[in-house]
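2 protein chains.
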Amino acid sequence: MSELRKDPIVDRWVIIAAERGRRPTDFETPRPTPGGAACPLCEGNERMTPPELWAIRPEDTAPNEPGWQLRVVPNKFPALRIEGDVHRRGVGMFDMMDGIGAHEVVVESPRHDWTMADGPPKAIDRVLEAYQVRLSDLYRDPRLRYCVIFRNYGSEAGATLSHPHSQIMAVPVVPRRTKSKLKAALEYYGRKERCIFCDTLAQELALEDRIVIDEEEFVAFAPFASRFPFELHIYPREHSHDYAALGSESRARLAKVMQQCLAYLRPALGAPSYNYVLNVAPNPAHRPGRPHYWETLPYDYHWHLEILPRVTQVAGFEWGTGFYINPVAPEDAAQFLRDVMNEDIR
Amino acid sequence: MSELRKDPIVDRWVIIAAERGRRPTDFETPRPTPGGAACPLCEGNERMTPPELWAIRPEDTAPNEPGWQLRVVPNKFPALRIEGDVHRRGVGMFDMMDGIGAHEVVVESPRHDWTMADGPPKAIDRVLEAYQVRLSDLYRDPRLRYCVIFRNYGSEAGATLSHPHSQIMAVPVVPRRTKSKLKAALEYYGRKERCIFCDTLAQELALEDRIVIDEEEFVAFAPFASRFPFELHIYPREHSHDYAALGSESRARLAKVMQQCLAYLRPALGAPSYNYVLNVAPNPAHRPGRPHYWETLPYDYHWHLEILPRVTQVAGFEWGTGFYINPVAPEDAAQFLRDVMNEDIR
Chain A
1 MSELRKDPIV
11 DRWVIIAAER
21 GRRPTDFETP
31 RPTPGGAACP
41 LCEGNERMTP
51 PELWAIRPED
61 TAPNEPGWQL
71 RVVPNKFPAL
81 RIEGDVHRRG
91 VGMFDMMDGI
101 GAHEVVVESP
111 RHDWTMADGP
121 PKAIDRVLEA
131 YQVRLSDLYR
141 DPRLRYCVIF
151 RNYGSEAGAT
161 LSHPHSQIMA
171 VPVVPRRTKS
181 KLKAALEYYG
191 RKERCIFCDT
201 LAQELALEDR
211 IVIDEEEFVA
221 FAPFASRFPF
231 ELHIYPREHS
241 HDYAALGSES
251 RARLAKVMQQ
261 CLAYLRPALG
271 APSYNYVLNV
281 APNPAHRPGR
291 PHYWETLPYD
301 YHWHLEILPR
311 VTQVAGFEWG
321 TGFYINPVAP
331 EDAAQFLRDV
341 MNEDIR
Chain B
1 MSELRKDPIV
11 DRWVIIAAER
21 GRRPTDFETP
31 RPTPGGAACP
41 LCEGNERMTP
51 PELWAIRPED
61 TAPNEPGWQL
71 RVVPNKFPAL
81 RIEGDVHRRG
91 VGMFDMMDGI
101 GAHEVVVESP
111 RHDWTMADGP
121 PKAIDRVLEA
131 YQVRLSDLYR
141 DPRLRYCVIF
151 RNYGSEAGAT
161 LSHPHSQIMA
171 VPVVPRRTKS
181 KLKAALEYYG
191 RKERCIFCDT
201 LAQELALEDR
211 IVIDEEEFVA
221 FAPFASRFPF
231 ELHIYPREHS
241 HDYAALGSES
251 RARLAKVMQQ
261 CLAYLRPALG
271 APSYNYVLNV
281 APNPAHRPGR
291 PHYWETLPYD
301 YHWHLEILPR
311 VTQVAGFEWG
321 TGFYINPVAP
331 EDAAQFLRDV
341 MNEDIR
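Those sequence lines, one after another, are chains A and B.
Going by my numbering, the residue at position 325 of the first sequence is 325; the numbering climbs one at a time, nothing skipped.
Going by my numbering, the residue at position 7 of the second sequence is 7; the numbering climbs one at a time, nothing skipped.
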């Protein structure tokens with residue numbers, strides 16, 4: 001059983017997942033993994049994963065058989081487990097709890113060599129649908145306070161399997177960074193009765209220089225204080241705290257914007273490794289002990305997607321301070337991507 | 001001129017250092033660099049760096065000539081510059097200021113192939129003395145609110161030059177992570193009239209299982225909620241907020257503990273890349289507008305060193321949430337290092 005432990009000085013939870021099977025001397029940099037017989041996520045190898053939780057597949061195919069377009073399966077080496085009780089407790093001044101939660105893998109395509117940047121948007125739309133379905137299902141469990149939905153692409157981004165996939169982790173605490181965002185959103189709303197994300201978006205749209213894609217329902221931009229070169233955020237233009245409520249037409253539009261962003265990053269950075277993170281709201285089913293920022297979520301929180309290309313090393317300065325040095329101005333990144341897009345259209 | 005920009009939602013400053021000369025397409029993973037004629041930090045190449053700010057060298061040698069044991073020089077490609085005014089300003093809802101500060105390099109040895117893990121402790125002591133001298137000097141400038149002192153060792157840790165060196169960055173804001181620590185320390189002191197770092201240390205010493213080195217003046221331990229495998233913290237046993245006030249005998253002891261920690265990590269992790277960060281107190285010379293946690297620093301803040309081996313990839317989960325998965329329990333790491341140490345002594 002893994003454990004969640006809280007740093008007593010910095011308010012941060014860490015999952016200690018020692019049972020994941022690595023010995024102290026047993027660290028390796030991830031390398032690309034081959035498809036075919038050895039790949040647990042390739043079509044035909046369905047028995048190499050735990051039984052599927054949800055899939056997009058023709059009606060005449062059976063679960064855990066070939067023929068699918070997308071599968072969601074439990075992670076075979078989960079950092080958290082769904083069975084048991086959270087069992088919050090103290091050890092002297094330290095706080096800890098059992099590693100309860102869910103750790104799922106979205107197998108995005110039967111094809112080992114599919115890349116999201118190539119699209120088509122319809123294939124990305126299926127991934128976005130899987131996130132909605134699993135998010136809604138996991139949030140029926142009030143123990144699970146937050147769902148982290150993310151994709152690691154490429155070895156530099158920490159992907160240990162090359163087969164296209166993303167991950168969903170439902171955790172029994174609200175992570176530190178999400179908590180900061182929720183608090184900031186609540187404080188801002190308290191002062192202005194407006195959403196801080198809506199205002200940020202309005203300002204970026206007015207200034208124009210960091211906008212990459214300005215589409216009917218979604219805006220992709222390089223944020224003012226980007227941590228990483230070519231970091232991109234995608235916001236829905238209309239205020240909404242609930243990703244799962246996104247309609248299917250809107251979802252198809254989002255898929256297209258994502259595909260464009262990922263495709264434009266290639267000429268800029270040469271097929272970079274990247275992480276993306278879908279920032280959703282915490283679980284409204286969480287009741288006793290929930291902090292006051294939970295109540296105002298529909299008004300002050302705004303879901304969004306962050307795309308983080310992994311081209312710079314994070315070093316002592318960043319680890320020690322939580323302060324970042326970004327060698328590319330976000331205006332320059334946006335300009336570069338707009339130029340790529342304009343050439344593409346011509 | 002670089003800029004400091006603040007994320008309007010998460011309270012975090014980023015240095016946008018676009019002038020550091022990299023074009024958008026121009027990213028490379030750091031690789032080991034050769035010594036000799038091409039290395040700007042090797043002995044004999046003193047003219048390849050800006051003039052030295054401080055050095056340890058025999059009296060019969062002139063500044064910027066060979067013969068030195070340690071040099072401190074300004075970074076040739078600084079992320080921040082000392083000349084000018086901070087010029088704090090808003091752009092709509094965004095906050096920014098000019099990139100004022102200092103960015104210095106501590107050249108730790110004339111020898112390209114010296115490694116800190118090999119010692120001798122006397123060579124590390126010289127590095128620790130350089131940190132004291134530069135910290136005291138930089139804190140005479142009230143614009144510089146915090147000094148980040150760190151070492152990147154190895155390509156995975158972001159070191160762009162292989163010659164042994166560390167860096168000092170003096171910044172015009174208190175970084176986010178330091179601010180969290182200062183606030184937590186103040187709150188704890190307000191409740192208990194005790195230092196949270198002293199209490200953490202006392203608890204670790206009582207529990208014993210995460211202690212690696214328990215020496216007369218310093219304790220090295222694997223913290224309860226370690227972010228990374230084999231993360232180690234070194235605390236002075238006696239409460240002190242002021243690293244610069246450390247006496248020379250105590251400093252020599254610290255050098256020895258550091259050398260042992262770095263040496264023991266080798267059999268554990270195979271000569272890992274690592275970052276270390278010396279967490280000092282913010283600049284007491286900062287006057288107008290300083291938050292209340294500044295006043296109580298001598299009582300509630302406790303300087304400490306964090307050693308962060310870079311053996312795991314940080315991925316979407318961590319970037320998105322500020323929440324970490326650590327595959328090695330700190331008790332196991334400490335046990336492993338104690339075993340190495342005991343074999344070493346036998």
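These are calculated hints, taken from the structure and not from any lab test.
Where a beta carbon is used, it is the ideal one built from N, C-alpha and C, also for glycine.
Take the hints with a grain of salt, since some may be wrong.
[What the hints assert, rightly or not] Restricting the straight-line Cα-Cα distance to at most 25 Å, the calculated cross-link-like pairs of lysine to any residue (SDA-like) are:
#1 Lys179(B) to Gly190(A)
#2 Lys6(A) to Phe94(B)
#3 Lys183(B) to Arg266(B)
[Claimed, not checked] Have a look at the derived ranges for each label pair, beta carbon to beta carbon:
#4 Ser248(B) to Asp11(A): 50 to 56 Å
#5 Leu205(B) to Pro63(A): 50 to 56 Å
#6 Pro66(A) to Gln335(B): 44 to 50 Å
#7 Ser248(B) to Ala206(A): 24 to 30 Å
#8 Glu83(B) to Gly247(A): 53 to 59 Å
#9 Thr160(A) to Pro298(B): 29 to 35 Å
#10 Gly35(A) to Pro51(B): 52 to 58 Å
[What the hints assert, rightly or not] Selected chain A positions facing chain B (in silico; Cβ < 10 Å):
#11 Ala62
#12 Asn64
#13 Asp85
#14 His87
#15 Arg88
#16 Gly92
#17 Met96
#18 Asp98
#19 Val148
#20 Gly158
#21 Leu161
#22 Thr178
#23 Val219
#24 Pro223
#25 Tyr274
#26 Val314
Verification of the hints:
1. About 23 Å separates the Cα atoms of Lys179(B) and Gly190(A), which keeps this hinted pair within 25 Å; it holds.
2. The suggested pairing of Lys6(A) with Phe94(B) is violated, with an alpha-carbon distance near 32 Å, which exceeds 25 Å.
3. For the proposed pair Lys183(B) and Arg266(B), the alpha carbon gap of about 35 Å is over 25 Å, so the pair is violated.
4. Checked against the given bound of 50 to 56 Å, the beta carbons of Ser248(B) and Asp11(A), roughly 37 Å apart, lie outside it.
5. About 54 Å separates the C-beta atoms of Leu205(B) and Pro63(A), a value consistent with the hinted range of 50 to 56 Å.
6. At about 46 Å, the CB distance of Pro66(A) to Gln335(B) agrees with the hint of 44 to 50 Å.
7. Checked against the hint of 24 to 30 Å, the pair Ser248(B) and Ala206(A) fails, with Cβ atoms roughly 58 Å apart.
8. As the Cβ distance of Glu83(B) to Gly247(A) is approximately 55 Å, the hint placing it in 53 to 59 Å holds.
9. Look at Thr160(A) against Pro298(B): about 47 Å separates their beta carbons, and that is not inside 29 to 35 Å.
10. The hinted range of 52 to 58 Å is satisfied by Gly35(A) and Pro51(B), whose Cβ atoms lie roughly 57 Å apart.
11. A distance limit of 10 Å between C-beta atoms decides the matter here; for Ala62(A) the minimum to chain B is near 32 Å, and the interface restraint is violated.
12. With its C-beta approaching chain B no nearer than about 27 Å, Asn64(A) sits outside the 10 Å limit, and its interface hint is violated.
13. Interface restraint check: Asp85(A) against chain B, minimum CB-CB distance 21 Å, threshold 10 Å, status violated.
14. Against a cut-off of 10 Å between C-beta atoms, the interface hint on His87(A) is violated, since the closest Cβ of chain B lies about 17 Å away.
15. Hint status for Arg88(A) relative to chain B: violated, with the closest Cβ pair at about 15 Å, above 10 Å.
16. Interface hint at Gly92(A): satisfied, since its Cβ lies 5 Å from the closest Cβ of chain B, which is below the 10 Å cut-off.
17. Checking Met96(A) against chain B by beta carbon gives a least distance of about 8 Å; that is within 10 Å, so the hint holds.
18. With a least beta-carbon distance of about 14 Å to chain B, the hint placing Asp98(A) at the interface is violated under the 10 Å criterion.
19. The interface hint given for Val148(A) holds, since its Cβ lies 5 Å from the closest Cβ of chain B, which is under the 10 Å cut-off.
20. The beta carbon of Gly158(A) is positioned within 10 Å of a beta carbon in chain B (closest approach about 3 Å), and the interface hint is therefore held.
21. A hinted interface residue such as Leu161(A) counts as satisfied when its beta carbon comes closer than 10 Å to some beta carbon of chain B; here the least separation is about 12 Å, so the hint is violated.
22. Nearest Cβ of chain B to the Cβ of Thr178(A): about 6 Å, under the 10 Å cut. The hint holds.
23. With its C-beta approaching chain B no nearer than about 16 Å, Val219(A) sits outside the 10 Å limit, and its interface hint is violated.
24. Annotation: Pro223(A) was flagged as interfacial toward chain B, and the flag holds, the nearest CB pair being 7 Å apart, inside 10 Å.
25. Hint status for Tyr274(A): holds, given a least beta-carbon distance of 9 Å to chain B, under 10 Å.
26. Nearest Cβ of chain B to the Cβ of Val314(A): about 7 Å, under the 10 Å cut. The hint holds.
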